[in-house]
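Going down the list, the protein sequences come from chains A and B.
Following the numbering used here, the numbering of the first sequence begins with 4 at its first residue and continues without gaps.
Following the numbering used here, the numbering of the second sequence begins with 349 at its first residue and continues without gaps.
Hints are computed from structural coordinates only; laboratory data are not their basis.
Please read these numbers as outputs of a predicted model, since none were measured by experiment.
Fair warning: there could be bad hints in the mix.
Heads up, simulated DSS-like pairs for lysine-lysine below, C-alpha to C-alpha not over 30 Å straight-line [to be verified]: (1) B:Lys-497 with A:Lys-48; (2) B:Lys-762 with A:Lys-11; (3) A:Lys-107 with B:Lys-497; (4) B:Lys-762 with A:Lys-23; (5) B:Lys-497 with A:Lys-39; (6) A:Lys-11 with B:Lys-384; (7) A:Lys-107 with B:Lys-384; (8) A:Lys-11 with B:Lys-702; (9) A:Lys-39 with B:Lys-384; (10) B:Lys-702 with A:Lys-23.
Quick look at which bits of chain B chain A covers, simulated, 3 or more residues with Cβ under 8 Å [claimed, not checked]: (11) 435-444; (12) 630-641.
Estimated spans, in silico, between C-beta atoms of each pair [said to hold, decoys possible]: (13) A:Glu-32 with B:Asp-771: 35 to 45 Å; (14) B:Asp-768 with A:Arg-117: 48 to 58 Å; (15) A:Ala-130 with B:Tyr-493: 20 to 30 Å; (16) A:Ala-130 with B:Pro-375: 19 to 29 Å; (17) A:Asp-111 with B:Ala-407: 53 to 63 Å; (18) B:Lys-380 with A:Glu-32: 50 to 60 Å; (19) A:Arg-117 with B:Pro-385: 21 to 31 Å; (20) B:Gly-365 with A:Arg-120: 25 to 35 Å; (21) A:Asp-111 with B:Lys-380: 30 to 40 Å; (22) A:Gln-59 with B:Pro-375: 55 to 65 Å.
C-beta: ideal position from N, C-alpha, C; glycine also.
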Amino acid sequence: MLLTNRTKNLYQEVILDHNKNPRNFRVIEHPSHTAKGHNPLCGDKLDVYLVLDENQTVQDVSFVGDGCAISKASASIMTTIVKDKHIDEVRTIFRGFHDMATGKIEADEDPKLRRLRAFSGVRDLPARVKCATLAWHTLDAALKDEEIITTE
Amino acid sequence: MSAPVTKQRATHYETPGRILDIRREFPILSRKVQEKPLAYLDNAASTQMPSKVMETITAYHEFHHSNVHRGVHQLSQEASDLYEGAREKVRRFIHARDTRQVIYTSGTTAALNLIAHSWGNSRVGKGDTILVSNMEHHANIVPWYMLAKRTGVQIKVIPILDDGTLDMDAFEAMLDPSVKAVCVNHVSNALGTVNPVRTIAGMCRERGIVSVIDGAQAVGHLKVDVQELDVDFYAFSGHKMHGPTGIGILYGKLPLLNEMEPFLGGGDMILSVSFDNITWNDLPFKFEAGTPPIAQAVGLGAAIDYLNGHDRTFLYDYEQQLLSYANERLAEVPGLTFIGTAPQKAAIVSFVMKDVHPHDIGTILDGEGVAVRTGQHCAEPVMDRYGISSTTRASMAFYNTFEEIDQLRDALLKVTELFDVTD
Numbered sequence: 004m005l006l007t008n009r010t011k012n013l014y015q016e017v018i019l020d021h022n023k024n025p026r027n028f029r030v031i032e033h034p035s036h037t038a039k040g041h042n043p044l045c046g047d048k049l050d051v052y053l054v055l056d057e058n059q060t061v062q063d064v065s066f067v068g069d070g071c072a073i074s075k076a077s078a079s080i081m082t083t084i085v086k087d088k089h090i091d092e093v094r095t096i097f098r099g100f101h102d103m104a105t106g107k108i109e110a111d112e113d114p115k116l117r118r119l120r121a122f123s124g125v126r127d128l129p130a131r132v133k134c135a136t137l138a139w140h141t142l143d144a145a146l147k148d149e150e151i152i153t154t155e
Numbered sequence: 349m350s351a352p353v354t355k356q357r358a359t360h361y362e363t364p365g366r367i368l369d370i371r372r373e374f375p376i377l378s379r380k381v382q383e384k385p386l387a388y389l390d391n392a393a394s395t396q397m398p399s400k401v402m403e404t405i406t407a408y409h410e411f412h413h414s415n416v417h418r419g420v421h422q423l424s425q426e427a428s429d430l431y432e433g434a435r436e437k438v439r440r441f442i443h444a445r446d447t448r449q450v451i452y453t454s455g456t457t458a459a460l461n462l463i464a465h466s467w468g469n470s471r472v473g474k475g476d477t478i479l480v481s482n483m484e485h486h487a488n489i490v491p492w493y494m495l496a497k498r499t500g501v502q503i504k505v506i507p508i509l510d511d512g513t514l515d516m517d518a519f520e521a522m523l524d525p526s527v528k529a530v531c532v533n534h535v536s537n538a539l540g541t542v543n544p545v546r547t548i549a550g551m552c553r554e555r556g557i558v559s560v561i562d563g564a565q566a567v568g569h570l571k572v573d574v575q576e577l578d579v580d581f582y583a584f585s586g587h588k589m590h591g592p593t594g595i596g597i598l599y600g601k602l603p604l605l606n607e608m609e610p611f612l613g614g615g616d617m618i619l620s621v622s623f624d625n626i627t628w629n630d631l632p633f634k635f636e637a638g639t640p641p642i643a644q645a646v647g648l649g650a651a652i653d654y655l656n657g658h659d660r661t662f663l664y665d666y667e668q669q670l671l672s673y674a675n676e677r678l679a680e681v682p683g684l685t686f687i688g689t690a691p692q693k694a695a696i697v698s699f700v701m702k703d704v705h706p707h708d709i710g711t712i713l714d715g716e717g718v719a720v721r722t723g724q725h726c727a728e729p730v731m732d733r734y735g736i737s738s739t740t741r742a743s744m745a746f747y748n749t750f751e752e753i754d755q756l757r758d759a760l761l762k763v764t765e766l767f768d769v770t771d
């Protein structure tokens with residue numbers, strides 16, 4: 004199948020896999036933090052749940068929702084990355100990821116972003132940056148105890 | 349009809365030479381996107397302009413521009429003549445009786461808001477009902493909800509059947525004496541359904557109910573005759589009929605328009621102003637406060653000239669062939685379900701694909717040069733009706749070709765391969 008380079012960069016195997024089999028796709032009954040994310044442009048909606056321990060480290064994290072492959076895969080990969088990390092480190096990764104998705108830094112500049120490089124293709128598609136960052140914005144909002152976050 | 353309409357295999361369709369000639373009049377159609385030939389299938393969002401319309405707008409700016417209805421100088425007179433000349437073209441185009449019934453607005457949305465304010469504010473209140481169909485664009489929903497907030501009028505929704513037709517039995521049953529207005533689109537932007545506007549308006553008239561028709565998706569495709577439809581209000585936009593953005597029309601029946609208060613206040617909509625007393629201008633100027641979109645009105649007139657220069661029955665029939673061809677070819681795509689299969693449809697195909705989000709479809713199609721709309725199409729209640737979050741929509745105009753439908757289908761097949769979609 005002949006696909007354009009742009010399409011191939013965007014829909015890498017790892018993204019298609021996480022879209023099809025999202026990890027930690029479940030509700031946490033008693034989260035310490037939670038937030039709802041919404042992208043009104045495409046109707047993407049997702050809920051992020053967190054359990055932090057007393058040291059502010061992520062003990063458990065999950066998400067549920069409906070969205071495009073980019074937003075779903077991003078949420079799925081996010082949950083696998085932030086588990087067992089301190090929230091300061093989580094925020095640092097989010098900032099780095101945001102800079103990469105918006106083209107401010109190169110994907111290989113920051114070793115912390117290694118597992119997020121698959122999303123660097125969105126920088127060529129401004130309309131899709133919000134899809135890639137929605138889960139992270141929602142997680143960030145959950146940590147700030149904001150109830151509803153929108154990427155619009 | 350020069351296009352071969354045979355029951356042979358779909359690949360035997362050929363785009364008629366007349367259509368290929370028409371395409372050459374639209375410069376944008378020959379550009380490339382992602383190094384692929386552009387297949388512009390987003391005409392329900394906005395149509396493209398032919399060179400003639402753009403040349404008319406440029407000539408207006410180069411030779412005639414001034415403000416209208418104000419100066420005694422030559423340019424102001426020329427600008428006024430062109431602006432009013434375009435109004436007469438609109439009148440003939442929709443077969444209104446009188447140019448006083450043709451009000452310039454910035455678009456369909458502004459026209460519908462004008463009705464909700466100037467008619468609604470003084471005509472409805474607590475105990476009254478306004479009916480809005482389940483397939484309306486937000487532009488024909490939100491102004492009525494805002495009116496409900498102001499006046500206490502109740503909004504009720506006319507249901508639609510599974511195929512996307514209006515539930516006429518339910519509609520008739522809803523027409524009790526509390527109903528003051530019925531707001532329905534002529535053609536649904538999300539489903540493509542053509543509504544029986546003449547019947548609806550007739551049922552309203554028998555009961556003294558005002559009919560408000562959103563014609564945005566109709567004017568570029570169907571022949572619209574407001575007298576034959578016998579509607580009270582009809583609203584549409586220039587940019588959905590090969591004219592520029594920023595211009596639209598509100599048509600209304602004279603007794604209604606005469607009794608209505610102005611919407612916006614300012615210059616040109618008054619006869620006299622003192623700090624004690626203000627006298628409104630006559631129709632249609634009463635509703636045209638401030639400097640209007642003059643060049644855009646002239647451009648709309650040029651778009652009407654353009655459409656009138658073609659056999660519109662031929663163009664309509666050809667669009668219907670594109671629609672049936674699209675239905676046929678897209679049915680070959682695994683996992684695809686059409687949303688909106690009414691018997692009377694404009695050339696709009698809305699669909700969902702199993703397990704693939706429309707946003708991903710839209711991006712991959714864009715990579716193949718195919719421009720479609722993905723999302724809720726400013727019609728969230730339609731999405732809720734079908735229990736979906738969004739659709740992918742291909743909407744055609746007479747300049748589209750059978751080859752572009754093939755391009756769409758091939759691009760969709762790539763989506764199914766990438767996402768491993770099967771039936």
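Structure-based check of each hint:
1. At roughly 28 Å between alpha-carbon atoms, Lys-497 (chain B) and Lys-48 (chain A) fall within 30 Å of each other, so this suggested pair holds.
2. Distance restraint check for Lys-762 (chain B) and Lys-11 (chain A): the Cα-Cα separation of roughly 11 Å lies within the 30 Å cut-off, and the hinted pair is therefore satisfied.
3. At most 30 Å may separate the alpha-carbon atoms for a hinted pair to count; Lys-107 (chain A) and Lys-497 (chain B) exceed this at roughly 45 Å.
4. The hinted pair formed by Lys-762 (chain B) and Lys-23 (chain A) meets the criterion: a straight-line CA distance of about 17 Å does not exceed 30 Å.
5. Proposed proximity of Lys-497 (chain B) and Lys-39 (chain A) is supported: the alpha carbons are some 28 Å apart, at most 30 Å.
6. Restraint check for Lys-11 (chain A) and Lys-384 (chain B): the C-alpha separation of about 16 Å stays at or below 30 Å, so the hint holds.
7. At roughly 29 Å between alpha-carbon atoms, Lys-107 (chain A) and Lys-384 (chain B) fall within 30 Å of each other, so this suggested pair holds.
8. Among the hinted pairs, Lys-11 (chain A) with Lys-702 (chain B) is consistent with the structure: their alpha-carbon atoms are about 21 Å apart, no more than 30 Å.
9. Using a Cα cut-off of 30 Å, the hinted pair Lys-39 (chain A) and Lys-384 (chain B) is violated, with the two alpha carbons roughly 39 Å apart.
10. This hinted pair checks out: Lys-702 (chain B) and Lys-23 (chain A) have alpha carbons roughly 12 Å apart, not beyond 30 Å.
11. For the segment 435-444 of chain B, the assignment as covered by chain A is violated, since 0 residues bring a beta-carbon within under 8 Å of that chain's beta-carbons and 3 are needed.
12. Counting residues of the segment 630-641 of chain B whose CB falls under 8 Å from any CB of chain A gives 0; the rule of at least 3 is not met.
13. Judged by the Cβ atoms, the range 35 to 45 Å given for Glu-32 (chain A) and Asp-771 (chain B) holds: they are separated by roughly 37 Å.
14. The beta-carbon spacing between Asp-768 (chain B) and Arg-117 (chain A), approximately 26 Å, falls outside the hinted interval of 48 to 58 Å.
15. For Ala-130 (chain A) paired with Tyr-493 (chain B), a C-beta distance near 28 Å keeps the hint of 20 to 30 Å intact.
16. A beta carbon spacing of about 25 Å between Ala-130 (chain A) and Pro-375 (chain B) agrees with the range 19 to 29 Å that was offered as a hint.
17. Taking the beta carbon of each, Asp-111 (chain A) and Ala-407 (chain B) are about 54 Å apart, inside 53 to 63 Å as hinted.
18. Distance hint check: the CB atoms of Lys-380 (chain B) and Glu-32 (chain A) are about 53 Å apart, consistent with the given range 50 to 60 Å.
19. Range check, Arg-117 (chain A) to Pro-385 (chain B): about 39 Å between beta-carbon atoms, so the 21 to 31 Å window is missed.
20. In this structure the hint that Gly-365 (chain B) and Arg-120 (chain A) lie 25 to 35 Å apart at CB is violated, the actual value being about 51 Å.
21. Here the CB-CB span from Asp-111 (chain A) to Lys-380 (chain B) is close to 31 Å, well matched to the stated 30 to 40 Å.
22. For the hinted restraint 55 to 65 Å between Gln-59 (chain A) and Pro-375 (chain B), the CB-CB distance of approximately 59 Å keeps it satisfied.
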